[in-house]
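Protein chains in written order, with this note's numbering: chain V, 1 to 140; chain H, 1 to 128.
A hint or two may mislead.
A few chain H residues that face chain V, going by a derived Cβ cut-off under 10 Å, partial list only [as the list claims (entries may be wrong)]: (1) ILE26; (2) PHE109; (3) VAL111.
Simulated from the structure, these hints should not be mistaken for lab results.
Glycine residues also receive a C-beta, built at the ideal position from the N, C-alpha and C atoms.
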Amino acid sequence: MGEPADPKGVRTLERSESSDDTPKGVRTLERSESSDDTPPEIARLLAAAREDFAARLVGRAGELSSLAERLSWNELRLAAHKLRGSCATYGFVAAGGLAGRVEDILLRAGGEPKEGDRAAIAAAIDAFAAEAKVAGTGRA
Amino acid sequence: MSPPRILVVDDDPDIRRIAALSLERIGGFRVTLASGGHEALEMALREPPDVVLLDVTMPGGDGPETLQALRAQPMTAQVPVIFFTATSSPEEAARLRALGAAGVVAKPFDVADLPRRIRSMVPLGEVQ
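Throw the hints in and build the complete structure from the sequences for me.
Shown next as structure tokens:
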């Protein structure tokens, strides 16, 4: 049998992801990786998928920034919507919450966000980028 | 006994990957993947699945449109469809069920529990 799954950074990220608005079920990927019920082969596949996702998160943050700079609000909303679902599914709860914040602001703004909303969007994207950097390096 | 066949339709490759991993390796499903509504319809007509897990928000043929297209074809009219959505309000879930969905799975989803949830929404009976 293989070694237990404990990919670089997983424990560190768990600590960094504690959040009051943690969606139900989002810790499952880490739990599945480390659970006694999960066969080692599947645990390794889950860990590899999570690491791969984490490695690409900084690029996704760059895409959000680029869309905001180009004032492509609808595309930004859709990109944030996708990340809201995928980040937390992969266990990156804080990043998922920040993507959700971007989506929610844009939904409330209904098309063209005002200056205050743009500042809030920029702040959420900056925070997302910081989370992505932590995820990608496995350092809190 | 052959494993139930599930068609997972999502334009996000990260969601396709983790859903396939969950359903195939943990749940024992036979999984096929489509990245959009048109591709899903073609695949479903070629080999009708036992259930479709269908993303709601996709560019070019979203989930509700794809559901309608599946219902319009005799070969796929009866195939149960479960929506997959990151918009998880009760109102949205009710709206999607009213379109004829067998269930709604919210994103983020529980990777270990997804197969059980699918089976709880659709009586697959593990095809003999």
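Structure-based check of each hint:
1. ILE26: Interface hint status for ILE26/H: holds (6 Å vs cutoff 10 Å).
2. PHE109: holds, 6 Å
3. VAL111: This interface hint holds because 5 Å falls under the 10 Å limit.
Figure legend: structure checked against the earlier numbered hints; every hint is met.
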